[in-house]
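Residue numbers (this note's numbering), protein chains in the order written: chain A, 1 to 256; chain B, 1 to 286.
None of these hints come from the bench; they were simulated from the model.
It should be emphasised that the depicted structure is a prediction, and the values quoted were computed from it without experimental measurement.
Using N, Cα and C, we set each Cβ at its ideal position, and we do this for glycine too.
Any given hint could be a false lead.
[To be verified] Cβ pair distances, simulated, as ranges:
| # | chain 1 | residue 1 | chain 2 | residue 2 | range |
| --- | --- | --- | --- | --- | --- |
| 1 | B | Trp151 | A | Gln118 | 50 to 58 Å |
| 2 | A | Gln118 | B | Leu101 | 40 to 48 Å |
| 3 | A | His135 | B | Leu27 | 29 to 37 Å |
| 4 | B | Leu112 | A | Glu111 | 30 to 38 Å |
| 5 | A | Ala166 | B | Phe227 | 53 to 61 Å |
| 6 | A | Ala3 | B | Lys178 | 57 to 65 Å |
| 7 | A | Glu104 | B | Leu144 | 18 to 26 Å |
| 8 | A | Ser127 | B | Asn120 | 39 to 47 Å |
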Amino acid sequence: MPAYIQGRNVNLTFRPPNRGPVRALYGFDIDVNEGEFLSIVGPSGCGKSTFLNVLLGLIRPDSGDLRMHGKPIAGPGTDRAMVFQEFGLLPWRSVQHNIELGLELKGVPTETRHNVSQHFIEMVGLSGFEGHFPHELSGGMKQRVGLARALATDPDVLLMDEPFAALDAQTRDLMQVELLRIWQEARKTVLFVTHQIDEAIYLSDRVMVMTKRPGHAKKIFPIELPRPRDYEMRVTPEFNDLKLEIWHALKDEITI
Amino acid sequence: MSELQAVDANISTAAPADDLEAPPKSLWRQLEPTVLGVGSIVALLALWEALPYLVTFAPGTKLFFTTPSQIAGTLWTMFATGTIWAPLSVSASGFALGLGLAIVVGLPLGVLIGRSPTLNAMLDPFITAFNATPRLVFLPLVLLWFGLGLWSKVVIVFIGALFPLLINTYEGVRNSDKLLINVVRSFGAKEWDIARLVVVPNAMPYIVAGLRLAIGRAVLGVVVAEFFGSEDGLGVMMVQAAGQYKVAVVFAGLIVFAGLSLVMTGLVQLLEQRLTRWRPQHAAEY
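Please construct the entire structure, taking both the sequences and the accompanying hints into account.
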């Protein structure tokens, strides 16, 4: 049986005007199981974010086979939703209306929309901020809105593109805890792109290390730490061993 | 016990001074800008009014002079007897129709050429050429084709107001946030949704700035059309009054035009405040 999300030999080359072509993905293979939390770590510019955009349906690969539920990815669809690194909130919309964006585009009636957004506003802990505009929120709160917006359309797969990279270290730690709680509650398949090995281990069932550009999978690490996980787990020997192993796989790919 | 044991910080128990309240501003500091602004206007008007008593006019030149009180009196009579309404409504309808058409055509066209490279490539030469040409050059042709009535005025106002709106909308659309477009696309937005949800709201500050320019151009269009080729309107009234040395009437027309522009600019400002409530406060307080 094929995996839930299956990519075989996916290739993508960017051809920007006035510059030479850049190979972003080259012979990229991936298998994601249903309900799993998979993190992708790799050096900057290795194509990990590009792959999320391909999976989201915003970029079409040049060649290769990418399927979900056995069906090829042909474009954006409501079975996938992205949490963006720079939040991507519409600044002229309130928290509530940002969260309802996907539902609106799906044609969900106003009342249902309101109930759904209310549910997710509570889930991400933003009760009382429904009418606030993005500029009135802290970075952590903005990303909660981004998360709620992605969850509101009830996608099967949540794509997260370095969602906590723009947050300060302490907020990031808290958001990771929060994300695990929400993931446990909402039970989505998650593809999580990050630079941080800690973050990847702490959150994931498996961590995939990518090569430098043109990117493809180098090594996959199963993370067999028990769940639910807590902050203290980050200082256990098992955690640190994993961290070291992944670092060794990653460091050869990094060029300064 | 380890020497590295953490110790609770306990440095000062005294409550810090409560300095949240800003020190009160003196009454004069609060009123100073208003007093100075109004004061300078009053002083200038008083000087103007007193001028006939201060200097002696050369013989015959008094014909070209008027005072604020005479202008005010003329304005009052015009409104009280209702003689202002006929020319005012002619000018206002030319203004409103021309500007309205420019908005109806300029905004959608600006969005379209901003989003479509094909349309942009097709229309750009015309837009650049038209925009580089002084609008007054078209006046003889417009008068020839549309006559001395309302429609030649509407066309002149339209040509003047269209380009600032069109070009600003285009610029605003070109400056759309790519990330936000990708966000709505990822939720299944089609081109119409992208325009509605991202492109137009994003371009709104540009569009409002364009509208402000367009209002200025539209008023200019009305004045020019009425000075050079109309049978009715405030501009016609001013030209006729000038021919009869009724200086106060000329000034009255000028003040009505200025008032019209001020009211329109005020309306745009209200519109801007309504449309940009989502923006950070400090950005709106310029």
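Alanine 3(A) paired with lysine 178(B), Cβ distance criterion 57 to 65 Å: Cβ of alanine 3(A) to Cβ of lysine 178(B): about 32 Å, so the range 57 to 65 Å is violated.
Cβ separation of serine 127(A) and asparagine 120(B), checked against the hinted range 39 to 47 Å: holds (46 Å)
29 to 37 Å as the expected CB spacing between leucine 27(B) and histidine 135(A), which holds or is violated: For histidine 135(A) and leucine 27(B) the Cβ distance comes to about 35 Å; the hint holds.
18 to 26 Å as the expected CB spacing between leucine 144(B) and glutamate 104(A), which holds or is violated: violated (51 Å)
Cβ distance range 40 to 48 Å for glutamine 118(A) and leucine 101(B), holds or violated: holds (44 Å)
Consistency of beta-carbon spacing, glutamine 118(A) to tryptophan 151(B), with hint 50 to 58 Å: For tryptophan 151(B) and glutamine 118(A) the Cβ distance comes to about 55 Å; the hint holds.
C-beta pair leucine 112(B), glutamate 111(A): status relative to the range 30 to 38 Å that was hinted: holds (35 Å)
Assessment of proposed distance window 53 to 61 Å (beta carbons of alanine 166(A), phenylalanine 227(B)): Between alanine 166(A) and phenylalanine 227(B), where Cβ atoms are some 58 Å apart, the hint holds.
The structure is inconsistent with the numbered hints 6 and 7, although it conforms to all the rest.
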